[in-house]
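Please model the complete structure; the sequences and the hints are all you need to start from.
Top to bottom, those sequences are chains A and B. Quick note: the first sequence uses this note's numbering, first residue 1, plus one each step. Quick note: the second sequence uses this note's numbering, first residue 1, plus one each step.
Keep in mind that a hint or two might mislead.
Straight line, CA to CA, 20 Å or less: simulated SDA-like cross-link-like pairs of lysine to any residue [what the hints assert, rightly or not]:
#1 A/K95 with B/Q78
#2 A/K62 with B/G39
#3 A/K45 with B/Q78
#4 A/K45 with B/G93
#5 A/K62 with B/Q78
#6 A/K62 with B/N77
#7 B/K62 with A/M86
#8 B/K62 with A/R49
None of these hints come from the bench; they were simulated from the model.
There are 2 protein chains.
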Amino acid sequence: MIEIELRFRAGENELEKIEKLGAKLDADYASTDTYFTYGNLKKRKFVLRIREKNEKALLTFKTSSHAKDIAWNEWENQIEDPKMLMNVLSASGFKEVVVIKKKRKQYSYLDYEINLDEIEGLGKFIEIQLMTDKNTSVEVLRDKLADFINQNFGVAKNELIELGYVKLMLGEK
Amino acid sequence: MIEIELRFRAGENELEKIEKLGAKLDADYASTDTYFTYGNLKKRKFVLRIREKNEKALLTFKTSSHAKDIAWNEWENQIEDPKMLMNVLSASGFKEVVVIKKKRKQYSYLDYEINLDEIEGLGKFIEIQLMTDKNTSVEVLRDKLADFINQNFGVAKNELIELGYVKLMLGEK
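Okay, here's the thing in structure tokens:
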């Protein structure tokens, strides 16, 4: 399974474009992601994400992107009592990296997942994910996704954003 | 709720003493606790414990003992896929502190929990816990527990061990 995602700043009429495609609304939710790390914030080797969504919480450990080539890079589990965990983490010397408050409308269309996101403090974005089981290279997949975005949303390749919301929020590159 | 626990090295006839009390066998299990921390192992500010027991796994964050006076010192949650978590932790720069392999027979008698433990690499111990909801000081509770141990197991106060298995295994004081 290869998965790739790209995003771009949403214009005024994105919802109409999504509906015109005939994409199916799969979910509409608000979530708050609180990221922690230990030690140096900028050179963080991992993040611990606590996602609160619909009264449920999910804990995720992610090794940071400069270690992307390793096989074990993410683990997650549903949890109870996320506030208590945050308190224990703070008391243990973990530092909060960033909080991402997101409102998302999630659509599906063919192999694409199309998300209309509003990120508190950052603005509105469209994030589109393309997944495939096929034996396709990342480059080919990225081109296919960029073409899809260009054709259906009129966004040029140089306007596409590869950085995730965490790095965008932190102003990192 | 106040809880206190003391342990001592088990002699040959501890099982008979426990049975003579009329204590009830509540559980008989083997568990493996793997402890991780981040940064300095000796000056660790927290431990992350992954307990594997009866095909189930439990994740616990504990702030270390020199921060004992804070309200938020422990959080735990049942988890899936503990081996995957350990791999992600190792890949993220966490270090394994110690592994404690324990066989425990757990008995209850009045307000006491009596555990006959065999710790791989350390030997056999009796660990006794006393809990109370009453408005009792830790000192009074500790004395009561020490007296109970002396009367029923013939162990003197100066033979009692307050260190936990992690510190015992690491040779820490």
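Enumerated hints in conflict with the structure, sorted upward: Of the numbered hints, 1 and 3 do not hold.
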